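Fit chain B to the supplied structure of chain A, relying on the hints for placement.
Just so you know, the sequences run in chain order A and B.
The first sequence: position 49 = 774 (my numbering), numbered continuously.
The second sequence: position 40 = 223 (my numbering), numbered continuously.
What the hints contain is simulated information worked out from the structure, not anything from laboratory work.
Don't take every hint at face value.
With a Cα cut of at most 30 Å, we get these calculated DSSO-like pairs of lysine-lysine [claimed, not checked]:
no. : chain 1 : residue 1 : chain 2 : residue 2
1   : A       : Lys736    : B       : Lys337
2   : B       : Lys337    : A       : Lys786
3   : B       : Lys228    : B       : Lys259
4   : B       : Lys337    : A       : Lys788
5   : A       : Lys779    : B       : Lys337
6   : A       : Lys760    : B       : Lys473
7   : A       : Lys762    : B       : Lys228
8   : B       : Lys473    : A       : Lys766
9   : A       : Lys788    : B       : Lys279
10  : A       : Lys742    : B       : Lys473
11  : B       : Lys337    : A       : Lys731
12  : A       : Lys779    : A       : Lys742
Rough simulated footprint, nothing fancy, chain A against chain B, three-plus residues with beta-carbon under 8 Å [stated by the list, open to error]:
no. : stretch
13  : 366–378
14  : 443–452
15  : 467–478
All figures in this text were calculated on a predicted structure; none of them were measured in a lab.
Positions of the beta carbon are idealized from the N, C-alpha and C atoms, including for glycine.
As a plain string of letters, each chain reads:
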Amino acid sequence: MSSTNKTISEKTAELTKMVQWFDGDEFTLEAALDKYKAAEKLAAEIEHDLSSLKNDVQIIKQKFDSDK
Amino acid sequence: MEKPLSQPIFSVSDFIAVFNQTLEYAYPSVEIEGEVASFKVNQGKFVFFDIKDKNGSVGCFMTVWQMRVPIEDGMKIIVSAVPKLTQWGKFSLTIKSLRPSGEGALKKSFELLKAKLDSEGLFALERKRQLPRIPEHVAVISSTQAAGYADFIKILGDRWGGIRVDVAHVQVQGESAPDQIIRAINYFNQQEQLPEVIVIIRGGGSADDLSTFNDEPLVRSIAASRIPTLVGVGHEIDESLADLVADVRAATPSNAAQILVPDRNEIIRSVRVQVGSLLPRILQLIDQQKQSVRDNLNTAFDAIERSINDQVVRLSTLRSVLAQLDPTVVLNRGYALIRGLTKVGAMVEIETNKVILEAEVKNVINK
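Next comes chain A alone, as it looks inside the complex (with noise of 0.2 Å):
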């Protein structure tokens, strides 16, 4: 996970707010490089994110072969 602490989710909500910035009322062509300089950052953050998660796998003690 990358040092901002926000979970993958978050991560991936705040880029599609920022690529419906594009399509929305407050767009100008002067805000748009430096929003999509941002928007770059944050997928490579998501992409890193995603390629280095690995599953805690545990096998469990308890034994079930009995009500013991």
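Same frame as chain A, but now just chain B:
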């Protein structure tokens, strides 16, 4: 005559006890295959039936709680039992467990239990709960030696990460399998920190192997789980009652992993597409702005050009009008211009397009 060896004289009860002891020593447990006949349940608790073949028949006894699969007359079953002589001297088998034998009996038993549980609403769609979109804590019940388990873990790891996966290793076939799975379900349901989903998986197998997942107590245990359940047993064509009662059914263990988590590679692709589409969009907007400026300039240029043309046309019209007012044009049409006083004896100048004459006024007549 030789005195015969003294033989013990039993009371009837003692004889029955000794006989049963001998039986227990010789046959602590037997498995017998046969056909069910005269099946009946007394007082809703006690089950009696005969198990028979072409040449013999033996009475059987068990309680309804021991009967994990429904049976009926004519079904072929295998019983695990203890032979016993009852206090009334009747030989019978005390059944420890039974299972349908052969494809026909398995199918029949499956259909009977399916109808029963369906009538209780255990398979109703409104009972189904949704699984979390991306779980962070998952419980898996399976045999860790099974190929299906390995497939599930591999595909889960390929598709997503960061999940805590607690695995309960259990038998997934055989007589003890249903109880082991039930204990594992109960174990997870009793945890302080509940997993978000219980995944029960097992790879393909024979109908007999998969019959574990048609066990009535197991099916009821899945239905009663506080934690949503995902069941992936056998191959796509296999249908078990555990599948039907689960909140979500997966066709195979691999499919269970696909259902449980999204594919990170698809998300990465989607993120790339989302961001990748932005730059062309910005460039397109810049082009649109440029075009808009060009269009505005063209419009302004057209307006100026139109204005100039209007002025040119107007000037031309004025020139034509002016030309009409030019006296030489009148002279050219044959008229003459006379300058001087209009009184008798005055000298006047007469100008034509070719000559200028001087003349004297001889007479003036008013019109």
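Structure-based check of each hint:
no.	hint	result
1	A:Lys736 / B:Lys337	26 Å, holds
2	B:Lys337 / A:Lys786	22 Å, holds
3	B:Lys228 / B:Lys259	22 Å, holds
4	B:Lys337 / A:Lys788	24 Å, holds
5	A:Lys779 / B:Lys337	11 Å, holds
6	A:Lys760 / B:Lys473	21 Å, holds
7	A:Lys762 / B:Lys228	74 Å, violated
8	B:Lys473 / A:Lys766	28 Å, holds
9	A:Lys788 / B:Lys279	23 Å, holds
10	A:Lys742 / B:Lys473	27 Å, holds
11	B:Lys337 / A:Lys731	26 Å, holds
12	A:Lys779 / A:Lys742	27 Å, holds
13	366–378	holds (count 3)
14	443–452	holds (count 3)
15	467–478	holds (count 3)
In the structure shown, a violation is registered for the earlier hint numbered 7 alone.
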